[in-house]
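Participant: Listed here are the chains, written in short residue letters.
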Amino acid sequence: AQSVTQPDIHITVSEGASLELRCNYSYGATPYLFWYVQSPGQGLQLLLKYFSGDTLVQGIKGFEAEFKRSQSSFNLRKPSVHWSDAAEYFCAVGDYSGTYKYIFGTGTRLKVLA
Amino acid sequence: DTEVTQTPKHLVMGMTNKKSLKCEQHMGHRAMYWYKQKAKKPPELMFVYSYEKLSINESVPSRFSPECPNSSLLNLHLHALQPEDSALYLCASSQDRSGSRKETQYFGPGTRLLVL
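Residue numbers (the working numbering), protein chains in the order written: chain A, 1 to 114; chain B, 1 to 116.
To be clear, the hints were calculated from the coordinates, so they are not data collected in a lab. There may be inaccurate statements among the hints.
Covered stretches of chain B (chain A as the covering partner; in silico rule of three or more C-beta atoms under 8 Å from a C-beta of chain A) [what the hints assert, rightly or not]:
1. 10 to 18
2. 45 to 57
3. 107 to 114
In this text, all values refer to a predicted model and were calculated from it rather than measured experimentally. Each residue gets a CB set at the ideal place from its N, CA and C atoms; glycine is no exception.
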């Protein structure tokens with residue numbers, strides 16, 4: 001069955017430090033992958049997406065993600081974290097078995113220390 | 001413009017009330033979605049409309065009744081809800097290009113629902 005795993009429930013980093021959030025997927029076909037960010041009580045904002053082509057994808061707010069087929073991973077990175085990046089981050093894969101829908105990971109909560 | 005709007009932002013209702021949530025997009029998208037999200041959990045898909053037809057109903061109780069009056073609007077009618085239905089209700093839309101898997105969902109800000 002298709003699935004998305006975010007192994008880290010919580011991550012704490014200091015402001016200015018680098019960040020990597022992990023995402024692993026299990027999907028039979030070529031995966032289409034997404035990262036969303038959600039601030040408390042808000043909707044989900046699209047950070048970046050991977051459909052095909054260059055495996056290093058640039059997104060908004062200085063985020064990037066790298067698709068590694070051999071590792072079934074799509075990790076999100078940021079070189080220098082800002083306090084405003086504290087939020088919940090969700091990885092998702094697009095599933096087109098029938099009608100299109102997303103499969104979400106369980107999320108990673110990021111805390112940023114001043 | 002990638003905006004999906006939702007009203008109201010907050011809603012408090014009793015278990016005997018009838019209320020509706022509204023979602024609107026003007027991106028020309030033909031697929032619209034309702035999700036339910038409990039605290040500290042990922043969104044759970046409830047319904048999907050594709051070209052104004054209900055295409056997915058994820059075994060949602062009948063006290064939730066979706067409606068898609070046109071391609072820009074999606075409603076969720078609520079009746080006789082339970083306290084455990086309290087959650088953030090998110091609407092999303094995507095283009096739904098036939099045969100394409102390169103779909104991106106854009107989410108609204110959500111309606112925070114409290115059932116007393």
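Participant: Hints first: check each against the structure and report whether it holds.
Facilitator: Evaluated hints:
{"no.": "1", "hint": "10 to 18", "in the structure": "violated (count 0)"}
{"no.": "2", "hint": "45 to 57", "in the structure": "holds (count 5)"}
{"no.": "3", "hint": "107 to 114", "in the structure": "holds (count 5)"}
Checked against the numbered hints above, the structure violates only hint 1.
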